[in-house]
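A.B. asks: Protein sequences appear in the order of chains C and E. Throughout the first sequence, residue numbering follows my numbering, covering 1 to 106 in sequence. Throughout the second sequence, residue numbering follows my numbering, covering 1 to 661 in sequence.
Warning: the hint list may mix true and false statements.
[Stated by the list, open to error] Distance ranges between label pairs, derived from CB positions: (1) 620(E) - 33(C): 41 to 51 angstroms; (2) 36(C) - 612(E): 53 to 63 angstroms; (3) 638(E) - 73(C): 18 to 28 angstroms; (4) 73(C) - 612(E): 23 to 33 angstroms; (5) 613(E) - 31(C): 44 to 54 angstroms; (6) 656(E) - 8(C): 18 to 28 angstroms; (7) 618(E) - 81(C): 39 to 49 angstroms; (8) 613(E) - 95(C): 49 to 59 angstroms; (9) 31(C) - 631(E): 20 to 30 angstroms; (10) 36(C) - 619(E): 39 to 49 angstroms; (11) 36(C) - 631(E): 21 to 31 angstroms.
To be clear, the hints were calculated from the coordinates, so they are not data collected in a lab. Everything numeric in this text was worked out from a predicted model, so none of it was measured. No residue lacks a Cβ here, since even glycine has one placed at the ideal position from N, Cα and C.
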Amino acid sequence: MATSFAGVPIFDYEALASILFFIGLAGAIARRNPLVMLMSIELMFNAANLAFIVFARAWLNNAGQIFAFLVITVAAAEAAIALAIVVVVFRSAPQVDVDDVRVLHG
Amino acid sequence: MANPEHVMGVVGSYPLLVALWLLPLLGAVLCWAFGPQLKRAAGWIATAIAFVAFGLTLASWGAGTQSLNGALGADQPLVRWMPGFHLGLLLDPLSLLWACIITGVGALIHLYSIGYMEGDSAFARFFAYMNFFLFAMLTLVLSDNFVGLLIGWGLVGLASYFLIGFWFYKPSAVAAARKAFVINVAGDVGIMFAIFLIVQKTGSIGFGNAFAAADTYGPTLLLAICISLFIGAAAKSAQVPLHTWLPDAMEGPTPVSALIHAATMVTAGVYLIARCAPLWSHDGNAQLLVGTIGGVTALLGAVLGMVQWDIKRILAYSTMSQIGYMIMGVGVGAYEAGVAHFFTHAFFKAQLFLGSGLIIHALSNEQDVRRMGGLRKRLPFAFIAMLVGVLAICGIPGFSGSFSKDAVIQGALDHGHPWLYAVGIVTAGMTAYYMFRMLFVTFFGAYRGDIDPSELGIRHPEFAGTSLHAPDGAADHHHAPAWLMNVPVAILIVPSIFAGWLLYGGANSPWHHFFDPQFGVGAIARIPIPELTTTLVTLAFVAVGIFVAYLRYGTKSARAAAVERLRRESLGMSPILANAFYFDVALDALFVKTSEALGRLVSRVLDPHVVDGSVREAVIVTQWSGALARSFQTGLVRAYAVFLAVGIACFAAFYAFHGVH
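Excised from the complex, chain C in its bound form (with noise of 0.2 angstroms):
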């Protein structure tokens, strides 16, 4: 099992996905832009990607790889749905905040 790529230790690697992971988290969470909201997420998903990669780089098992297209597949779409939503969001309201968006509760 390697411990380093190019001269940077793993962990190096894994501090920096959990850093993204979590502004991406707290971007979600704290922004009421829809937009900046998905940016958030797709920071979200490209932390976990630099965390498989790294993984699979690490454990020399190819699987890390395969789940990194998976997830970007998966973001694609989701970005794609997430973005037609705002879109019909926005025709009804004159300015998109997710809090005014709440027909759903209970």
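Knowing the structure of chain C, use the given hints to seat chain E on it.
C.D. replies: Frame of chain C, contents of chain E only:
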């Protein structure tokens, strides 16, 4: 003693039975469905159907009495339900006799009813019910299995309910109908229980299998079956303590009282015990029990009959008493005698009821004998009819009742029940007393209908079977009974006198020849006291009864002082007798009050706290958990994101502490 062979085999099948059985149902449906169109024709159609049914019954005589190598009668299978559960119709001497009375006396009473019910707004409905009753009663007596018998048993109860409550605008009639139905259903439950026991043991509902296995039941089971059956018989046949519905049932129209509550339906208990003779013959305890209850009923009915004022209630208690005789007869094992008393009683009691109907009809629905008197000259035909009936029921030699009653009394002694023998003789004397009392008060002396009721000691005219409108004293206002009512009564006079002669000759009598294959030759320890002695002793008691009645009500001075005497007697009546020995009160306290208390307990404790309470608790829990779950559904996407993150964090923390495995 009884020969169980007869029910194990029948000689042949007999499809005509189905027609006989279903014909009255057709009449009932016709009268019911087309009553408004048929109007008075409904009565004639129903009557014609009853007569045709009687003709069919007579035509079936040969089929019912045929016997071959121990097989007896004819059977017509109807439905093969499942193994051991086959429904069919059976015609043997016993059911043939009952069918003859049901259709024959029934047809005469139908004819009478056309006159009696004339002008009633529900004329067609009445005849629909009457034909329905014939159908129900034929179902009862023609069934070859216990389930069919129970179906008929329930249906006659229903017909009785319909007809007691026929004048449903009278609250007392509705109450009487309900009472009769409830008590009868209690009896139905008894029979059903007996069927369970029999099916459990034999796996079959047929009479044949049940009786063939009579000696395999064992004493406990056999006694349980007999007692269960007798509960049904006692409820239907007004035996103590289930007799209280019968006097109340007199709320129905008088022809109904004659047909259902005297001649046929109330004798179904006698039929049941005679039918189940193979069971009773195997169980001395059941015989003792049933014979004793029959004797007690005979005595009690006679005691209460002595103090009634309503002419129909006198006859009702007399019916109860006479059925007591029958039950005593079939109970102790003198099946031929008990059935014979049913046979003669059907004629003379129908005769008495129809005769009283003539009086009631002529006096505009007056039923209280205190407001009658002197009717001998005004209604001579009714007087003759009633006189024949009274002589027959008292057992005056030569009249039908004397033969059968003496046979029952003698039978009690022959089967080893001297106490029942004594009860039978004493009851015969009391019967003579109350019957002649009725005769003297009704037909002799002066007419009292124009006297104010209170002077006769009638405290509550509206409750006492007294018509609310004072009957008109003028003779020409009494509309004479139509010939329709007189002809059936006149016809009934013949069997009331002569039917008993069938029993004449003991072992050589036609009666014995008719029933010998059914009940077998009894190996009875023969005659400690000869029949002639029994007859003479009974006659002595009857003479005393008549003489006392004559002294109290029949002498010239008694007739002259009748008003004063009746008033004193009415007001001075012992409360025990006035309340009929408090049987109603006791049954009320035992069953009605306890049921009500149970109902109150349920409605106050069980229902609100257990049933409703558990439902309410379920609702509260659901509401609470719903509110909790709803509080997470804020609709804020960002909140959901937080929940998601927290959830994932929890998972992560769990695996961090515990490891993946």
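A.B. asks: Honestly, which of those hints from before does the structure not fit?
C.D. replies: Hint 4 is the one this structure does not satisfy, whereas the remaining hints hold.
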